[in-house]
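Participant: Chains as they are written, first to last, in the working numbering: chain A, 146 to 251; chain B, 75 to 194.
By construction, these hints were calculated from the structure, which means they are not laboratory data.
Among the hints, a few may not be true.
[Claimed, not checked] Listed below are the simulated DSSO-like cross-link pairs for lysine-lysine, each with C-alpha atoms no more than 27 angstroms apart in a straight line: (1) K251(A) x K149(B); (2) K149(B) x K247(A); (3) K117(B) x K187(A); (4) K184(A) x K149(B); (5) K184(A) x K117(B); (6) K190(A) x K247(A).
Here's the letter readout for the chains.
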Amino acid sequence: DIQMTQSPSSLSASVGDRVTITCRASQSISSYLNWYQQKPGKAPKLLIYAASSLQSGVPSRFSGSGSGTDFTLTISSLQPEDFAIYYCQQTYSTPLFGPGTKVDIK
Amino acid sequence: EVQLVESGGGLVQPGGSLRLSCAASGFTVSNSYMRWHRQAPGKGLEWVSAIYSGGTTYYTDSVKGRFTISRDNSKNTLYLQMNSLRAEDTAVYYCARDQSGSGYYYSDYWGQGTLVTVSS
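Excised from the complex, chain A in its bound form (with noise of 0.2 angstroms):
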């Protein structure tokens, strides 16, 4: 079975800087990598899907990279309302989500 992993599993961080989040698969998913954001209380949100394209809505300061085995998520310009935890997914096989990384403030 693919595992995944997610780096760091929190982050502080303040408003305006730039921030990555490493996903990695135990195999190689090629490029069947999405990204989702949670806020407390509600659903989550898909942000990035096959890696790197931007969902229709998303700001343009959120993107996406990689193939294979290793991903990430930038939010180049971080944003009050980008404090949440943000979950990589692998479609690949059976869908799987990665544990989560927590970014609050710093």
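Could you slot chain B onto chain A? The hints should help.
Facilitator: Below, chain B alone, put in the same frame as chain A:
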């Protein structure tokens, strides 16, 4: 506008049953890939079940034989029948619509979630 509204959650004893509903608007459930995901309190996300437009169904191993996903095309509604419930099934359950393209799948719309608590 696409909307998904779940209902049917609540408190149930171990071994009991519950049926979750997900009423959809703005698109046709029978023409779409639909999923149920869940999130245990304070934990991460877990995919539970899926039904594809052709009617094929899929389940995560931990719910196989206990949960059944289905849809009512006349009501444009997705269901999750949950039997033999266990404490570890306690979670917020989300229905979601999947989009697909070039073999890629992603849940682009999610409902607000409904809480299922399995406890005596």
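Participant: State for each hint whether it applies.
Facilitator: Each hint, compared with the structure:
no. : hint              : in the structure
1   : K251(A) x K149(B) : 48 angstroms, violated
2   : K149(B) x K247(A) : 38 angstroms, violated
3   : K117(B) x K187(A) : 14 angstroms, holds
4   : K184(A) x K149(B) : 31 angstroms, violated
5   : K184(A) x K117(B) : 13 angstroms, holds
6   : K190(A) x K247(A) : 15 angstroms, holds
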